[in-house]
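> Now for the letters of each chain:
Protein chains: 2
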Amino acid sequence: MEQILGPSVPSGRALWRPLGVQDVIITGGPLARWQRINHEASIPLGLEQMERSGALPNLRRAAGEGEGPFQGYRFQDSDLYKQLEAVAWEHARAPEPRYAEFIEQAAAVLERAQRPDGYLNSHYQVVKPGKIYTELEYSHEMYCAGHLFQAAVAAARAGIGDGLLAVARRFADHLVEVFLTGGDDGIDGHAEVETALVELYRLTGERAYLELAGKLIDNRGKGLIADTGLGKLYAQDHLPVREAATPVGHAVRQLYLEAGVVDVYLETGDESLLDCSLRRWEDMVATKTYITGGHGSRHDGESFGERYELPPDRAYNESCAAIASIHWNWRLLLATGHGRHADLIERTLYNAFAASTSADGLRFFYVNPLQRRDDLAEDAYLGRRREWFACACCPPNIMRLVASLGGYVATTTGAGLHLHQYVPGTVGAGGARLRIETGYPWDDLVRIVVEEAPDGEWKLALRVPAWSAATLVDGRPVRPAEDGYFSIRRRWTRGETVELRLDLTPRLTYPHRRIDAVRGCAAIERGPLVYCFEQADQPGGVAVDDLALNPAAPLRVVPRDDLEGVGRTVLIETDAAAVVQPRDGLPYTTTPQATGTPVTATAIPYFQWDNRDGGAMRVWVHLA
Amino acid sequence: MEQILGPSVPSGRALWRPLGVQDVIITGGPLARWQRINHEASIPLGLEQMERSGALPNLRRAAGEGEGPFQGYRFQDSDLYKQLEAVAWEHARAPEPRYAEFIEQAAAVLERAQRPDGYLNSHYQVVKPGKIYTELEYSHEMYCAGHLFQAAVAAARAGIGDGLLAVARRFADHLVEVFLTGGDDGIDGHAEVETALVELYRLTGERAYLELAGKLIDNRGKGLIADTGLGKLYAQDHLPVREAATPVGHAVRQLYLEAGVVDVYLETGDESLLDCSLRRWEDMVATKTYITGGHGSRHDGESFGERYELPPDRAYNESCAAIASIHWNWRLLLATGHGRHADLIERTLYNAFAASTSADGLRFFYVNPLQRRDDLAEDAYLGRRREWFACACCPPNIMRLVASLGGYVATTTGAGLHLHQYVPGTVGAGGARLRIETGYPWDDLVRIVVEEAPDGEWKLALRVPAWSAATLVDGRPVRPAEDGYFSIRRRWTRGETVELRLDLTPRLTYPHRRIDAVRGCAAIERGPLVYCFEQADQPGGVAVDDLALNPAAPLRVVPRDDLEGVGRTVLIETDAAAVVQPRDGLPYTTTPQATGTPVTATAIPYFQWDNRDGGAMRVWVHLA
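Taken in order, these protein sequences are the chains called A and B.
In terms of full-length UniProt numbering, the first sequence opens at residue 1 and continues consecutively.
In terms of full-length UniProt numbering, the second sequence opens at residue 1 and continues consecutively.
Keep in mind that the hints were calculated from the coordinates and are not lab data.
Even glycine gets a Cβ: it sits at the ideal position worked out from N, Cα and C.
Be aware that one or more of the hints could be misleading.
Restraint ranges, calculated between C-beta atoms of paired labels, are given here [unchecked claim]:
{"#": "1", "chain 1": "B", "residue 1": "D360", "chain 2": "A", "residue 2": "P240", "range": "33 to 39 Å"}
{"#": "2", "chain 1": "A", "residue 1": "R583", "chain 2": "B", "residue 2": "G495", "range": "46 to 52 Å"}
{"#": "3", "chain 1": "B", "residue 1": "T595", "chain 2": "A", "residue 2": "A466", "range": "37 to 43 Å"}
{"#": "4", "chain 1": "B", "residue 1": "D360", "chain 2": "A", "residue 2": "T590", "range": "33 to 39 Å"}
Just chain A, with the same shape it has in the complex:
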């Protein structure tokens, strides 16, 4: 099977071929900034944490080398595996000897820790050797294995870490022996290994890995694991995968599971898998997706809520859920060729995902709400980003996605290229090389310069985002085809250009009326960016919580080259009102609300919030 150096899904059934991390060079804009701080700040922090958080010491314990008690959660190994994957992609993008060294050294520890039969999990080996594979509902053993496989695939594609791949294969073979040929039935309470097994199959050609992934998906909903007390929905074990109509339970589990479901479809052609996954996708997008692209409405169980249950303040929107959604949508994009999946990737990437990391790359959100009140109890958890977490699933997950972002920008067909995300830089594919010049998403113009012209007729397909009300190509209004792309098929000459102009007019967006939690409100968007109102940007004394927007007022664009703490941004100002309602006894009255006084309200892109004072924030603001 052809190998592509990227977080890719090369498959006969995919409509398009992904590009490798080395085929797309991102040279500017927010994505290049994220990759720079990932390289300079986040990854070094993550590498340090692999010792401090216990991830590597635990594995040394399992190898019989370390001292002291097991540290952290039973899935602590997975932090290391995600970190290894991040380092592997980063090595492919911007090689450094320390990356290869880290992978090599970690692989050596893993090799020594791994049991002769291939099993590897420091928690179970150190703490509960008698319980291996007996607590699948919460053991995370296959979940950890999955992250190991993904790290090994990334390292192998990047040409480093043969040792890691050997460890991964031995563990995968052990899983096959127990759960496929051995006849044990089970699933992991936390889906993840399914997509990883398919990727390992793509790398190695070992069909048993694909078969095991398929079996694990078929096993879900049969009650093979115990209920952890959080209910069968929590682990998507309430119904067979092909029968479940809507995403439920722990959001990250559901979304990783979906990536696996589409992956198995892509390799086996089982249409029933694609069908059920698309059915849930449509329900999720229409009723359970935040405007930021985030998923997970409840802290309770870190889970999806009911349809239209989308509270802004108690939104969970785990950073890992944003990543898992991008993985799933990428696979759906390759499977269906429909730009709506690239649209959702863009929305998620620039909002739910990007907000997870501070401007300096050193602090992270686990939970990404759409509102923070100005009136927090004196003693409440303030909900600011943190350097690390006891359960640190998010930071290394963020790092592996940022390092591999180039893989999500474009795809090729035999004679053509689809541009899914607009970033300045170069994209090379099959004899063609394009240079892309753009200040997007701050500016509306995307200029595509043909640096190397392909032979013969060749199609350039440009995604036209659903939000772009008026789109120009080379100065002429265009409408995308039903798949969301505008295509130009012709012979190309070196040096010629295509100019795409997207509609970045700021827009006031209203929620569906059944989203109770934000009725009577609007949000501001511009291009792919969702905006929010932060206390730091409001004129003296006006509380964000007192703002009321005027739907008729113009939205004024205010570019800022270097806003303190934030960097480059585009603010939006509008004429609004400040409505102060007194606090007196029960907050229920028989007279409607007070009127307000005029103020100017200023909004900042949501992904740049919480880089200043930690004050109030709102995406959805009352309408006057």
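Place chain B on chain A using the hints.
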């Protein structure tokens, strides 16, 4: 100390003297109905469950008599204690030999289970004898003890259960030896024993019980117990009691704690305790109280949320929190003489509390939301009332309050009587006896007939609820004094009457604009009753979730003698709109909502919901 047969707070510092359960006979209206079904259905079910749920079998195990494993939670004993208290009050109200027998038999089991040193807890004696008092953060040992003390006090006041009191005193003495004179410092993670110790002091005169209650309150906020992982706010251990400004954490814990704080003030006169409790009360009422009187905005930690975080769908509003709030407000009423506490008791009683039980008394809510969607996932927990719970704190708690409701109706002073709640029946106090004739809360007239006239000048004080916009006494408009009562002081003659007419005009109520979750909505109230819209009452095909109210439309009162499944009620009809917004892709658009078609919408009192089909329900409905 004088003993009153009621859930009382007799204290030198209380402004008023409570009445006993036998002094107030409730003969009609919803409260009499609740007492009847409590007697006929709920208590018999509860008595059965004492065997089935493991509560009594666990204690037999502790006595060395039973077989089989410990059943249920570590606080399983408390279910029995609350059930015993319910039975004791019910015996005082409507004696039956089986009640005295049950108490006697249970007391005998407890006596045999109790250790010679007085300690008693079946979980720790059976499962973890080595861990006694070492896991106070979650052990519930003192919490269980508190419920034992309250049961013993109730039984003693009802003249039964000497054996129970002896058991309780031995355990209380053991607590005193360990935590007061013995010098051990600690608190129970779940407050409750504080108010119970004060009641036991009131019954026995043993000052050490009061002192221990005071010490446990002083100990809170000092970090004497471990964090269970839910944070220090969860158990109100984040700050000393006198410093905490707002209710936080697990709602039932906070509210039981407050009852203890006011109880200790009432007996010691420590004003700093009353002050801090009132400060939190005011903050809670203004920012953390549901319109139903419910408390607890989060499933996560069963806890209070931030100020104005009051989601209707994910409201927790545990039934036990409503009970605890009534306990606290009763003590504040006696301490301050301000009718606002009786107002909140009424709101809580008729809404948050009353909704907890089905019309037949056989099913209970643990969680009392203000909204249930019509569009629940096929596999979601439907949230209907249940016969019992693994954690069954609520049902017996409900039973003990219903049995003792008479104790919350009126209080006396030397020469006078305050009527706090309006119920048909008789109230006797100090040579006076009043007969009250009323169809309240369905009807607006309360007729008070003097059956026995008191000697000399005597004051009759009538609570004028804050919601009653136009109140008449004997046909003349009156306004209450600042304390919320309208008083008549004069000489009284047998047979004379006073007629109070409250304003039961239905009203449209708006939320404070900072309650994000219900902005742009209104609720309907009539008298003390909050209304809701249930699917069962709406004309064919119109979904509750599509309703939009017209604030200018009249609210029509529709009395129903016997609505199927519900019984007597008063419905409210209004002209509204049905607004159907299509589902198509992301639920965010740049065009505002659709308009609707005219429909008649019908509301039912919230406390009577979920007695029909289990469909959608809303207290707060969009405004057109």
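> Each hint: holds or not?
Cross-check of the supplied hints:
no. : hint                           : result
1   : B:D360 with A:P240: 33 to 39 Å : 37 Å, holds
2   : A:R583 with B:G495: 46 to 52 Å : 48 Å, holds
3   : B:T595 with A:A466: 37 to 43 Å : 25 Å, violated
4   : B:D360 with A:T590: 33 to 39 Å : 34 Å, holds
Of the numbered hints given earlier, the model fails hint 3 alone.
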